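Residue numbers (this note's numbering), protein chains in the order written: chain L, 1 to 562; chain E, 1 to 216.
Hints in this document: simulated from the structure, not taken from any laboratory.
Restricting the straight-line Cα-Cα distance to at most 30 Å, the calculated cross-link-like pairs of lysine-lysine (DSS-like) are: (1) L:360 to L:442; (2) L:255 to E:63; (3) L:45 to E:180.
Everything numeric in this text was worked out from a predicted model, so none of it was measured.
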Amino acid sequence: MNGTISDSESSMKSATELVVERPGEFARLNYLSVHHGVRSWLLTKDHKRIGLLYLFTILIFFLIASVAAALMRIELVTPQPKLVTSETYNKLFTIHGVLMVWFFLIPSIPTVLGNFILPMMIGARDVAFPKLNLLSWYIFVAGGALALWSLLHGGVDTGWTFYTPYSTTYANTHVISMAAGVFVAGFSTIITGMNFMVTTHKMRAPGLTWFRLPLFVWSLYATSLIMVLATPVLAITLALISVERFWGVGIFDPKLGGDPVLFQHLFWFYSHPAVYIMILPGMGVISELITCFSRKPIYGYAWVGSASMAIAVLGFLVWGHHMFVSSQSVYAGMVFSILSFLVAVPSGIKVFNWTATLRKGSIHFATPMLYALGFIGLFTIGGLTGLFLAALAVDVHVHDTYFVIAHFHYIMVGGMVMAFMGGLHYWWPKISGRLYPELAGKLAAMITFIGFNLTFFPQFILGYLGQPRRYHVYPPEFQIYHVLSTAGASILGVGYLMPLIYFIWAWKHGRVAGPNPWRATGLEWQTPSPPPEHNFEQTPVVRGPPYSYSAEKDVDLDVASI
Amino acid sequence: MEAANLPPLVGQQFDDIEQQREAAKLGMWIFLATEVLFFGGLFLGYTIYRFTYGQIFVHTSRKLDVLLGGTNTAVLLISSLLMAFAVRAAKLDQRRMLTWLLIGTALLGCVFMSIKGVEYHKDYVDHLVPGRHFEWHGADPHSAELFFWIYFAMTGLHAIHVTVGIGIMLVLALLAWLGKFSHGNHNTVEIAGLYWHFVDIVWVFLFPLLYLVGHR
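Extracted from the complex, chain E is given alone in its bound form:
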């Protein structure tokens, strides 16, 4: 009962917890804006070459496994739902619930990465990984190879972000178990949630651009 009355931890540079929360949230949004532009370079490259080599991109896209890609979309969306519940649990001071939700989010992230790994392996077996082993029997193999470069660059950069996110979630789960986010100190969970949702949204754009352009 005593612990519940402890004031939240406020950095010396802030006047109160509200200022600290607002600052942290704004900082995260600004960081996400930089991430949009970071991915933006690749999206620009994709757009230009999709415009230049439209038909070939459509044909090449059919080589990707829509079922696995679609499953992964669902996995990430559900993980985002768990993350949203986690933020709620943190605000309501539900330590046990928060810990499990964070672990669940991280686990779904791992499922995503595993499916991605299976896909990458399939691409490797099918000689779709650009470079020396790349084989393409349709028209314009070079542009097809370019599509796969862009596919690997975009999904690879996204995968790096998911991996970082999984690490963050596991650390947060540990800290949550230790009770670090109770008594109004839920800010960290909230801004980590913003990051996780961002990674999810990037995939929501990648999936149709890469997997669905070849399907009607």
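Here chain L stands alone, though its shape is the one from the complex:
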């Protein structure tokens, strides 16, 4: 291994030149090695280091929220409560929802992979506002600390949706501090979205026109648009909940003529678009993976890119489909139902174009590709069951049941988390300069896929048979589905623990990757791994469209040998 590391002690320039000339080398002078110590991390303005700070932070929240989920699943093995009381169970699903949504899924791909890769993909030295980027991490940590504080002081039992009047009038838990935590974290999301938008607009390399952008950039741009326009509405809504709880402001209080349903409108005006914050970046990652491992340009580039924007825009017009049974007028329900069906069009375009890209491709089943293929299947199931829920009559039957739980977990876990894992494996050689063990990676991807389906498919049946969500006592005839689900969750847990272990191992001991182990297109691969502090020695110039793969030329990409 020592032989492959450039042993020159000379300037960064000469070191990186050597690496570029001899593929398979570890760039010794890189963003990790230029500065040392805790201070260099806590005061860094480097988008790559900030991405890693986020990775570390959201991992902590993911672990806590997973423990909450595990406790729920263990409790649900038996029809009668054995492990926790009803109050504790309510707090468990609230903490699981709040942490997973705001402190893991929403930041996951944008703040980790987006921060790390976006500037490199567009040939920039950094994001437009590096200091704000670091500030966003501190704000995120502050919000997370507030959330953990409320957790340690007894938790919250409102569910992640904070529905009024329960949250404002009746709940005796730490609603204000939890809402404050989410409120604060929201500003970190807004800053990230603003930063990405400005970066994409103003920092692109010469020749990199809008329709030459990698699709990951398009999807991050669409995501940022939602972050910037939806999150402030959540902020004001949570602020109103807190002041209503504290001072009795009557905006959601029927006693003063206020309307609790107004809360649902405001909340879902944010939270439905936020659902797309939790899937669009995943779609972007999948577009990168599918093209690279089929060795083909994406089928219908402009359609896939525009579909991201269409989903972002349509996402603002469908919030009423959460309120079909909340006294919304029938006509409003019909309009929201039709608009929700419309979202299936751009989503369908994406799925069809990914599968069309596979056709006649030279497909390599590397770990990231396994996650990508898993994503396509699971996202399709999640998306199609979403159409069940968008249909007015069916929704009345399955509203607030496990069917809904299964549907959105297929999108968020089966979709977003699969994409996050796929992207993390794909860009890991760029991030760390080293390869993860491929066999263990493939195994983990398959275990995750099996565990996921076993966990959540039975929940579709449970919900259709009528088990409502958020109950920890249920009729004995449902037990078999709950046992299956819990068994699946334990397998899923193994699927998530394995990468954690081998990524940590590979950080020091993995095989040296070289600048471009996948022989992928894209500017991020045209610089050493790990990249130098300012990404590129010279600003790259782009002369053609993205994804110039060729199935014939690249048949010799031997993934097994990697």
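Following the hints, put chain E in place on chain L, whose structure we already have.
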């Protein structure tokens, strides 16, 4: 003379000052878009309840002091004018002028907050602050109380923004005095100006919605 030829400070991530200026301006506009939606939640609440309790909102609105509210509108509009002059002074490298204009903007902001304070105090004395001490002798006291909740929420959120703006202006005034915005480094003043104008415009909407609905 030498100092005048110093190049402006460009962040390492940018190619030139023009790119940096454009990026900062776009960033501020995007931030202001989020602010519109932040206030938007309250405007939506106002609209719905104005629609539901139209007459009561009209009656309740008459309790607000149009003279003080109108004076405050004028104060903020003039402060925005000073801010616009400040941006011009920054571009023309007039250090002394810039400093005074920024201080003037901040001072008018303080005048606004003082008048607002007088108004809030008047509301308190008249038992118009919602909560335990709220007294209303007309029809439907609950909806009247709701109007005052919305009034305090909207003007309160606006007041927070004005306070932040005053702080920004004072810091900028200090930096201007130290010459930080000379030689083409006026970008910060410009984007702070965008923020100040935004806060002003929010008030231009709040004033008729809250104060004038009761007056013909």
